[in-house]
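Engineer: Sequence:
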Amino acid sequence: MTSGDRMTAIETEVRPAAATPFSRAQRFAGALSLCVLVLATLAMAAQAPTPSTAPPRWELKFKVVHELRLIQMDRQYYWFMTCLVTNRTEQDQTFVPSATLYTDAGDIIAESQDVTYEVSQQLRAMIGNPLLETSTEVIGQIQIGKENAREVLFIWKAHSLDIDDVSVFISGLSSETQVAVNPATAEEVIVRKTLQRHYLAPGEPTANIQTPVVFDSERWIMR
Numbered sequence: 001m002t003s004g005d006r007m008t009a010i011e012t013e014v015r016p017a018a019a020t021p022f023s024r025a026q027r028f029a030g031a032l033s034l035c036v037l038v039l040a041t042l043a044m045a046a047q048a049p050t051p052s053t054a055p056p057r058w059e060l061k062f063k064v065v066h067e068l069r070l071i072q073m074d075r076q077y078y079w080f081m082t083c084l085v086t087n088r089t090e091q092d093q094t095f096v097p098s099a100t101l102y103t104d105a106g107d108i109i110a111e112s113q114d115v116t117y118e119v120s121q122q123l124r125a126m127i128g129n130p131l132l133e134t135s136t137e138v139i140g141q142i143q144i145g146k147e148n149a150r151e152v153l154f155i156w157k158a159h160s161l162d163i164d165d166v167s168v169f170i171s172g173l174s175s176e177t178q179v180a181v182n183p184a185t186a187e188e189v190i191v192r193k194t195l196q197r198h199y200l201a202p203g204e205p206t207a208n209i210q211t212p213v214v215f216d217s218e219r220w221i222m223r
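Note that the working numbering gives residue 206 to position 206 of the sequence shown, counting from 1, and the numbers run on in steps of one.
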């Protein structure tokens with residue numbers, strides 16, 4: 001067999017079979033499904049509520065003191081950050097904070113979930129600020145003025161460590177709420193004005209213990 005004959009034989013072996021009407025129909029159905037999914041996603045995004053341009057009845061001032069970082073305690077890793085919350089409105093407000101941490105590994109972690117009192121005490125001692133309050137301890141009235149600002153310690157028990165992106169969603173800072181339709185159930189739900197802070201965590205987070213991850217952006221959303 002000559003080299004030309006061998007090349008012809010190889011081409012004959014790898015040449016795909018002619019598409020049948022059934023396979024073409026399958027491809028068309030797949031493409032159609034993808035188009036429907038994309039259009040549905042775009043429609044959901046278009047319907048997603050956004051914060052009002054009008055000022056809310058009240059809104060607390062939020063300032064990060066210690067940026068988000070990872071720490072190891074007793075063979076377990078935790079995310080934590082601290083912030084200063086100030087009431088600059090015209091009257092005392094009820095402050096009930098809630099913070100959820102998302103990672104690009106699919107983790108959705110509620111703040112303080114599976115975090116012991118001992119862990120929060122160790123963090124307070126490490127930071128050296130006895131005025132720090134956990135998200136549970138700080139619940140209640142926050143009085144007017146910077147002299148009554150509250151210092152809050154947020155802690156999340158870490159799950160996946162091989163990550164590149166982290167987002168923290170903090171609610172309880174604003175009075176604004178809206179009624180939206182849940183696209184999955186078609187039921188009406190109440191969404192709240194929420195502060196989203198996005199971070200980048202390049203490399204291996206465990207190699208930079210106690211070093212803040214890279215702050216990327218901040219925005220208000222309805223969630």
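It should be emphasised that the hints constitute simulated quantities derived from the structure, not laboratory data. These figures come from a predicted structure and were not determined experimentally. We put the beta carbon where it would ideally sit given N, CA and C, even for glycine. One thing to keep in mind: the hints can contain errors.
Stated by the list, open to error - The following label-pair restraints were derived from C-beta to C-beta distances:
no.: 1; residue 1: A48; residue 2: A110; range: 31 to 39 Å
no.: 2; residue 1: N182; residue 2: I139; range: 22 to 30 Å
no.: 3; residue 1: P49; residue 2: G203; range: 32 to 40 Å
no.: 4; residue 1: A48; residue 2: T89; range: 21 to 29 Å
no.: 5; residue 1: E188; residue 2: V96; range: 18 to 26 Å
no.: 6; residue 1: S175; residue 2: K63; range: 35 to 43 Å
no.: 7; residue 1: A180; residue 2: P130; range: 23 to 31 Å
no.: 8; residue 1: I221; residue 2: K63; range: 33 to 41 Å
no.: 9; residue 1: T206; residue 2: V65; range: 18 to 26 Å
no.: 10; residue 1: E187; residue 2: P130; range: 30 to 38 Å
no.: 11; residue 1: M73; residue 2: Q178; range: 22 to 30 Å
no.: 12; residue 1: E188; residue 2: D114; range: 29 to 37 Å
no.: 13; residue 1: V181; residue 2: Q76; range: 34 to 42 Å
no.: 14; residue 1: I108; residue 2: G145; range: 16 to 24 Å
Stated by the list, open to error - Computed list of lysine-lysine pairs in DSSO-like fashion (alpha-carbon distance at most 30 Å, straight line):
no.: 15; residue 1: K146; residue 2: K61
no.: 16; residue 1: K63; residue 2: K146
no.: 17; residue 1: K61; residue 2: K157
no.: 18; residue 1: K157; residue 2: K63
Engineer: Hint by hint, say whether it matches the structure.
Structural biologist: Hints versus structure:
| no. | hint | result |
| --- | --- | --- |
| 1 | A48 / A110: 31 to 39 Å | violated, 22 Å |
| 2 | N182 / I139: 22 to 30 Å | holds, 27 Å |
| 3 | P49 / G203: 32 to 40 Å | holds, 36 Å |
| 4 | A48 / T89: 21 to 29 Å | holds, 28 Å |
| 5 | E188 / V96: 18 to 26 Å | holds, 22 Å |
| 6 | S175 / K63: 35 to 43 Å | violated, 19 Å |
| 7 | A180 / P130: 23 to 31 Å | violated, 41 Å |
| 8 | I221 / K63: 33 to 41 Å | violated, 19 Å |
| 9 | T206 / V65: 18 to 26 Å | holds, 23 Å |
| 10 | E187 / P130: 30 to 38 Å | violated, 45 Å |
| 11 | M73 / Q178: 22 to 30 Å | violated, 39 Å |
| 12 | E188 / D114: 29 to 37 Å | holds, 32 Å |
| 13 | V181 / Q76: 34 to 42 Å | holds, 40 Å |
| 14 | I108 / G145: 16 to 24 Å | violated, 36 Å |
| 15 | K146 / K61 | holds, 10 Å |
| 16 | K63 / K146 | holds, 12 Å |
| 17 | K61 / K157 | holds, 26 Å |
| 18 | K157 / K63 | holds, 22 Å |
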